[in-house]
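Chains as they are written, first to last, in our numbering: chain A, 1 to 105; chain B, 1 to 394; chain C, 1 to 155.
FYI, nobody ran anything at the bench for these hints, they're computed from the structure.
Possibly wrong hints are sitting among the right ones.
Below are the PhoX-like pairs computed for lysine-lysine, each with C-alpha atoms no more than 20 Å apart in a straight line [to be verified]: (1) A:Lys13 / B:Lys237; (2) A:Lys13 / B:Lys189; (3) B:Lys334 / B:Lys64; (4) C:Lys54 / C:Lys64; (5) B:Lys46 / B:Lys36; (6) A:Lys26 / B:Lys334; (7) B:Lys64 / A:Lys26.
Listed below are the residues making up each chain.
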Amino acid sequence: MFEFTKLMKFDVKVVVADDILHEGDKAKALISKGLAEKFGIKNRGFIRLTRGESVCFEVLVSEFAEGVDVVIPDGYFANRLAGFENPRRFTAEAEKCDEADVDVI
Amino acid sequence: MQEIVCTGCSCLCDDVVYGDTVYHACRKGYRLLTGKKEENSVNGEKTDVYRALKAARDVIDGKKLLIFGLDNVTCEAQELALKLAKDFNAAIVDHSALSGGKLLELSERLDSVSLEKFRDEGYVSIYWGANPHNSIPRLLSRFTYYPRCGKRQRGYEEDRFLVVADVRKSETAKLAEKSKTGLFIRIEKDDELVDSFLKALNGRAGKYPEVARILKEVEKAEVNAVFGGSGLCSGLKDFDKFEDVMKKSGLYFIPATSKTNMRGFLETVAEVTGCRCYGYDFERGACLNLKDLPEVFACCEAVMVIGADPLRTLPHELSKRLAGKVVVAINSLKSLVRLLKPKVTIASTLSAFSSGTMVRLDGVKVELKELKEMKESEGKTLSDEEVLKELLSM
Amino acid sequence: MPSPMEIYKLLPKTNCGECGEKTCMSFAFKIISREKKLEECKPLFSPKFEKNRKKLEEMLEIVKKAEETGLVVNEELCIGCANCVVSCPVHVEKDPYNAAMGRGIKMENPILRIENGVVKVVELNLCRRYGKNRTLCIVCRENCPTDAISFVEEM
Ligand code: SF4
Ligand code: SF4
Ligand code: SF4
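Make the full structure from the sequences, and use the hints.
Put into structure tokens, the structure is as follows:
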């Protein structure tokens, strides 16, 4: 069946934060319940964030993203999106995707 | 087993017991202490440290050099790195321009208090754009909220007041929200909270009326502090107004920057150059600021990375400028630096296992405890300080 | 707390179904959640698996104790902040100059201790939820923002 949510794109509020449990070789992000509902996305779903570059994240619906839309653990993936003048808080375009990026080997 | 100082973050916990099992270090510290060790190499081929040193020296001779990193190494190593920068007319920077530097600069101008004093006397702690649960994991349990000592014997429920101001509900915010003696203010713009403080200090209500309650609590004790984190650093526009609030409210300010020895670096730069700045370009004889970084990264011919992983810690906008440069990396742990195809890597001893000093987030100097018995797997390596000393003496 | 995988590795792994579960893996899960008991795995009690059984019994000692207190730790969610260690009233009483003051706990066998970056249950017998005079203490759980500590069943 064709998924309309696949075509949806939103501007989302992103915060980059230290996140010891979710940083690592695979790109992971916490998303708010609100954003999850908007996309019809569940835990372990995937979103692509674009801000100049694009990164695909596996998502976890988390209370810790309440207040913003997305929290990305600081590190390699966050830094692909973050500008050097606003490395911690910015807006990015979000859409659904099918898998998460992994660290370059 | 030996007691060491963990260098996983700027809390510099001095009670960590290192052996086959590591006791008391948080997950962040444990990861650092047991991380995969770097190896000496030249052109990707393993070698011994002296060949690597020689090759490193050959690389940097006569090239326009950038020295980057330094937040994870001792003050003694930082001092030598600055000497190297001076001798080679190089530029030298850490991460402070990107995040944290402004907070440390603020703390120079504002009244501050040591973590020990806060542990013994502190009542209201306000985490502003800071989530120590992840950035400085043991801060609350070691110093600011849970300990019972000094004037604070009755425990956190009666003796401490926890405030978190952040754009999202972080882990620390969750604790504040749950607590009977705490509150979480979800802010949109940091400056609006500053404004609410200023209004409340004049008896008026601003966007966040909770501020009046905080100021009432503040009156109950002598020692109360704002812990400013990276959120505050990137969100705040008007630092003067913030300073005004701090002075008028009698709150102490403690920068909650998590980078281990960033404070040490800025102090060392100030000592050596006489300037309070985030880095220095010895060729131009000028301080380096955020806006200078793209050019500094683009113009150098060789980069010496010391105790850092630029691909993980720098916005790609900057780190991509390192592609194609000749790279010398002096690191203790394996990192993504390998993607820059470094000409030379020198494996150094983790600072947690070396001797030397670092500056904790509150400005207190902490003496590191050298690990006496290096296990086989730790290998015999030189400390960052020794590596730099060798490079300077060649 | 052992993981279901650790339990599974020591089971016969034949999926024989004698315990009433379809697979040894689901039996392992139910051992952890305490819906099943080791004794229900008959083959495990044959001489062939004696070594494994002993190991399993050792591992499950902690689960047995949790049965009394209900306290279970999920290490995967723990970042070793030590909020729980420092706030636990038993630690405060018994280790007043270390744990109570925020330093690494020094008492011989504490209830909880941070080992290799995460919290480990060392001696659950001391927990106030244990024994005859048990109380409904929830201090450690309340101070863990990532919900790494939970109580399987309230008393
Ligand atoms: S809080 Fe920081 S210094 Fe202390 S153990 Fe954790 S990483 Fe190490
Ligand atoms: S339930 Fe209470 S006594 Fe038991 S470990 Fe937790 S805090 Fe300590
Ligand atoms: S169980 Fe929770 S409170 Fe205890 S150390 Fe782990 S994360 Fe911290």
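These are the hints, each one checked on the structure:
1. A:Lys13 / B:Lys237: holds (18 Å)
2. A:Lys13 / B:Lys189: Within the cut-off at roughly 13 Å; holds.
3. B:Lys334 / B:Lys64: violated (26 Å)
4. C:Lys54 / C:Lys64: With a Cα-Cα distance of about 15 Å, the restraint between Lys54 (chain C) and Lys64 (chain C) holds, given a limit of 20 Å.
5. B:Lys46 / B:Lys36: With Cα atoms ~16 Å apart, Lys46 (chain B) and Lys36 (chain B) stay inside 20 Å; holds.
6. A:Lys26 / B:Lys334: Satisfied, since the Cα-Cα distance of roughly 17 Å is no more than 20 Å.
7. B:Lys64 / A:Lys26: violated (36 Å)
Hints 3 and 7 from the list above are not met by this structure, while the remaining hints are.
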